[in-house]
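Here's the letter readout for the chains.
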Amino acid sequence: MDFIMSAYAINKLLRHLGFLLLLVSGHANAESFSVESAQIDPIGNGYVLTAEIKYPLSLRVIEALDNGIPITFQKQFELIGPDSLLGKYWPWKQTLWSIEISNELRYLALTQQYLLIDLDTDYRRYFSSLDDALKSLGEVNNLILPPEYIAEPEGLILRLRSGLNLHALPTPMRPGALISSKWQLTSPWVEAQWH
Amino acid sequence: MALSFIKRYSAGAGPYYSLGILLIVLAYLLSAATQDSSALNDLFIIILAISITSILLLIALLGRSIFGLYRDYKIKKSGSKLTIRLVSIFAILILVSTSIVYSFSVHFLHRGIDSWFDVQIEQALDDSLELSRSSFSIRMRTLLRQTRMMANLISELPDEELNHSLRETSRLSGAIEFSLWTLDGQLISTSTENPALISPNKPNDDVFRQLEKKKDYISLDPNDDLLQLRVAVLMQDQEEQFLQALFPVNDRLSTLGHSVQKAYTDYKELNYLRKPLISLFTLTLSMIVLLTLLASIWFSIWLSRRIVQPLQELAEASQAVASGNYNTKLAASGYDEIGFLVRSFNQMTQRLTQSRHATQNSHQKLEQQTHYLTTVLGSLSSGVITIDKKHNLQTANVASNTILQIELHNLLNNNLNSLSTDAPHILPFIQLIEQKISGQKDWQQQVEIQQKKGMQSIMCKGTRLPDHAGWVIVFDDVTTLLQAQRNAAWGEVARRLAHEIKNPLTPIQLSAERLQHKYLPLLAEDQTQTLTKLTNTIVKQVEAMKEMVNDFSDYARSPGLQLQRLSIGDLLREVLSLYQSNPSHHFVLLNSNEEIIVNIDGNRFRQVLHNLLKNAVEASEDAQLHVDIVLSYHAVNIEDHPWLEIIFHDHGPGIPDDMVNNLFEPYATNKVKGTGLGLAIVKKIIEEHDGHVWAENNHDGACITIRLPLEERTID
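Residue numbers (the working numbering), protein chains in the order written: chain A, 1 to 195; chain B, 1 to 716.
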């Protein structure tokens, strides 16, 4: 059992490596996802993030979606700040906070709608068109940033990116998706603007 | 650092342990994934990575093994060809069988997965989905008409009755919820069957977009596990408002709808995943086949090496035996045919070793015998030579060299006839042998050959070797023996002559003197002269006969030598001083550089010198030549022994050819006077001193050489 657990840990590591692979190959793909805008606004004593992500799906992904394959999208947010020990004297950065939001998009054949599920909260939304679903997916509205890390926002960097979680695909599709550029759609990291 | 670690790692058993561990892990993960398909989803990448790593490791191991085989083949290591042949056969068998199994498996895989799908099922699912949609669309159209009617009805009512009217209409129509909205999303009024709901279900963006186009909206929405129908129609009099109604769908219909949708989606998903699934299964199968193939080929190499190793050891051991190492022994391996072969080989080498020892012992004994025979032959005073049937000289002992005065050792394997080319003086000896060995019988004959010191008599005896392998010739130098026999005969003659003749001589002489004394006064003067002349003649002849008898006596008697150490130079000078009286005689003495002391009988040696000098002087005077005699003496080393050599060179007429060989024989003389015993006595005295004397002619006279043995310490 312990071995299985460690196997899962290795699997997670490999997923990260796969994500890195997607990032590297994503740069080479013109049709990759992109973070159109990202800005941080102060609200009360805290800050919220508003962003817009564009999801231009490839035909291969749309084909899979129309054939009932659920597609999992991932949004990654990282708050990076100077190292607490060396920050003053050495420009070394460390990740202070990170979060990953996963959404699943699937097509419902009977109602001819697209279902968007927030995998963390199981919140479901239905859309009659794919564009509406993707548009809704790409909107990040008022994501509350952890106030404990943003007492002094100077020098902090919040960056985000989004991509497909290919490891969530059905097993038969995974090897092909991992090596196909048509599935490598991860956006590059984009730093949010502080307002 | 890393490179050395890789080298050390790859050289040992590390790769095999690593591969074994990887395969065990792979088997465990595959087992886990087979028992739980969801686990396969998570473990897929790990399984794939381990499989690829195992294959790469196996390829590396196989490459190393194949390279090892190639290296052995290049250096022509024994057994490498057989190993390669076995590996090739195994590899071909593995490739053929695996390829057949692989192709059939791929074929069945495709056929098997394709058989899951059926056109009729697909059509049925499409139709059922379409049927469901149609079923819902009828209901949706009905509800749309119904909602429009209700919207018209509500629009005609005054505002204060709006809430009541909505509740009534909702109750009558069976809707879950009725709500009145403005197009900008403001709620005007609502009525719901579920009192727990605080706020009504807000229309989504599609509703607003549709209504803004002045078109009514209706849709089938999923609501948790159930379905509901959403209808939105514009109010007839107030176009900025619309009525939204939510109608429940029958549970049974919802369940059926969900079921149809799930079946349709699952089938479509499965159909879509058909190709990836086939690819994945083919990939998995290919990897397993590749893993099996590589492992089998690697195992075939290992097995071939294991099979060939005893044969290789046998081949190497055979080479060692062929090169003379008979102590080679192999470790016994098993009880199969190869083990039997190894044991037989060990027995063979053991017997070979024993035979070799026996042969070595025999050879050693033979060598000892040969050495013994050689020693015996070498110590023989007789000469022994062997010749083969082609008349080639095969062996010759030391004595044969001494007797014939020729180095026969250097002429082995030469034909007999060619020997006389190098040494013409042995030609009569060769001719005798050639003549005799042409016959079949053993033979014995004496032959004379001309040596430097005179004629040499050799007694030869030929014996045929067994199996007509040739002849063995044994010969002796009998010159000394014959000389001794002659000397003895002459001595006896001289002794008898001296005894028989000397006795009557004195009475004859006395009688002649008395006859002269008694009858001389009685005779006439003319007769006295005659008497005197006759008696004087008798007395003179008797004196001559006495002298001759004394010489014979001297020759015959052999008194013991009175040896004393004398300087040969002093002795020669002493004798020569006696010959200085005649000024016409010329004597030259060439002294040696060193003083030579010789152990001789002084008186007898003086007689030797006198005889020789007298002989030389008389020879020159008889030939009316000027007497010019040169004497020289010096020490020489012959066959590792020191000798004194004295040479007389007389510048006279030389020795007649017919006398050269028997100059030292008694009565060998051409002089008118003399007994002919002078040189015979010389030779007798020299031989009594264990020396040699011989004569030869030079271009300007005769040369007589005396050689006497010396002790090494006598040379200063």
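Calculated from the structure, these hints are not laboratory results.
Treat the hints with care, as some may be off.
Unchecked claim - Quick partial rundown of chain B residues pointing at chain A, CB under 10 angstroms, derived from the structure:
#1 Tyr102
#2 Ser103
#3 Phe104
#4 Ile121
#5 Pro222
#6 Leu280
#7 Ala332
Stated by the list, open to error - Mimicking DSS-like on lysine-lysine, the simulated pairs with C-alpha atoms at most 30 angstroms apart in a straight line are:
#8 Lys453/B with Lys215/B
#9 Lys453/B with Lys135/A
#10 Lys213/B with Lys54/A
#11 Lys135/A with Lys215/B
The structure presented is a predicted model; accordingly, all values stated were derived computationally and were not measured.
Where a beta carbon is used, it is the ideal one built from N, C-alpha and C, also for glycine.
Need the list of violated hint numbers for this structure, in ascending order.
1, 2, 3, 4, 7, 8 and 9
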